[in-house]
Amino acid sequence: MKAAVLVFPGINRERDMARTLRLTSGHEPAMVWHAEHELPAGTDLVVVPGGFSYGDYLRCGAIAARSPVMDAVRKFAAKGGLVLGVCNGFQILCESGLLPGVLMRNENLRFICRDVFLKVERSDTPFTRGYNAGQVIRVPVAHGEGNYIADGETIARLEGEGRVIFRYSSPDGMIDPDWNHNGAINAIAGIVNDRGNVLGMMPHPENHVEAEIGSTDGRGLFAGLAEALKRAA
Amino acid sequence: MKARVTVTLKAGVLDPQGKAIEGALRSLGVNGVASVRQGKVFDIELEGGDPKKAEALLNEAADKLLANTVIENYRVEVLG
Chain A
1 MKAAVLVFPG INRERDMART LRLTSGHEPA MVWHAEHELP AGTDLVVVPG GFSYGDYLRC
61 GAIAARSPVM DAVRKFAAKG GLVLGVCNGF QILCESGLLP GVLMRNENLR FICRDVFLKV
121 ERSDTPFTRG YNAGQVIRVP VAHGEGNYIA DGETIARLEG EGRVIFRYSS PDGMIDPDWN
181 HNGAINAIAG IVNDRGNVLG MMPHPENHVE AEIGSTDGRG LFAGLAEALK RAA
Chain B
1 MKARVTVTLK AGVLDPQGKA IEGALRSLGV NGVASVRQGK VFDIELEGGD PKKAEALLNE
61 AADKLLANTV IENYRVEVLG
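For the protein sequence lines, the chains are A and B, in the order given.
FYI, the numbering for the first sequence is 1 to 233, going by the numbering used here.
FYI, the numbering for the second sequence is 1 to 80, going by the numbering used here.
Only chain A is shown next, with the shape it has when bound in the complex (with noise of 0.2 Å):
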């Protein structure tokens, strides 16, 4: 695995990110200022991290979306190159058009800390191959702006083709509006693009891998991540 986990001013997750590729890789990612052209020769993951990039000023995400580096991140992305966004990366990703829709400001208007329950409804994308389908995973959301939304033919079609691959849902896998904690619609924690190597999402995988912070169910996405990528090499 060669990521690359890029960095924006406001942006305080990237650490925890990059421990965490450290981790369950071996290798230890490129971190990538947000006004570089280009992404480091031989780059097979991108990961757009959590945080306040440019303090959600104007929309969040809006401002980095719009950076130097996502122009490299979307000829990346455009070419097959796996993009993962977390949070604010999930936020980046919709504005700067990698993926489909809005978050938007959560229903209950609270800025939401805790962990979260997630269905994951694939296990065949490279980023979901190390959980079975139907699995549940337990992992933090750390977010106010986290209920995603788009227009009904999208929304249509991100069903249609299996694009939701993360929903909120209760600890035995129910999706039900109590344990929809963003109001979300169809409770979505989590989507890939029409190609399937682009995946954004809200909650934070890469806070659950190691069993002294109580879970490791996060690991599952970057084991299987470093397989995938194993893989293809």
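I should point out that these hints are in silico values taken from the structure, not numbers from a laboratory.
Accuracy of the hints is not assured; some may be wrong.
The list that follows gives simulated cross-link-like pairs (lysine-lysine, BS3-like), each with its CA atoms no further than 30 Å apart [claimed, not checked]:
1. Lys-64/B / Lys-75/A
2. Lys-2/B / Lys-53/B
3. Lys-2/A / Lys-75/A
4. Lys-64/B / Lys-19/B
5. Lys-79/A / Lys-64/B
6. Lys-40/B / Lys-53/B
Once you have looked at the hints, place chain B on chain A.
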């Protein structure tokens, strides 16, 4: 030359902030408010004095950055 870009949420897009403001107005005793939708106003100072060019520039600014046209509409005004 002065100009203004107004960005508003499209009809049908849920606006939790507008809803909260609506509730706050009610609790303050400001009666007669049926609903509130929150938007943004950008007051922009332009170089040059050609209103046609100004309009094109403002539309470009709104399309590229000021508005997310998935959920927002915008209106540009050249104020002279």
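Comparing the hints with the structure gives:
Restraint check for Lys-64/B and Lys-75/A: the C-alpha separation of about 19 Å stays at or below 30 Å, so the hint holds. At most 30 Å may separate the alpha-carbon atoms for a hinted pair to count; Lys-2/B and Lys-53/B meet this at roughly 13 Å. Among the hinted pairs, Lys-2/A with Lys-75/A is consistent with the structure: their alpha-carbon atoms are about 17 Å apart, no more than 30 Å. Proximity of Lys-64/B to Lys-19/B is assessed by CA-CA distance (about 28 Å); at most 30 Å being required, the pair is judged to hold.
Pair hint Lys-79/A plus Lys-64/B holds up; C-alpha atoms about 24 Å apart against a cutoff of 30 Å. Note on Lys-40/B and Lys-53/B: the hinted pairing holds, with a Cα-Cα distance of about 23 Å set against a maximum of 30 Å.
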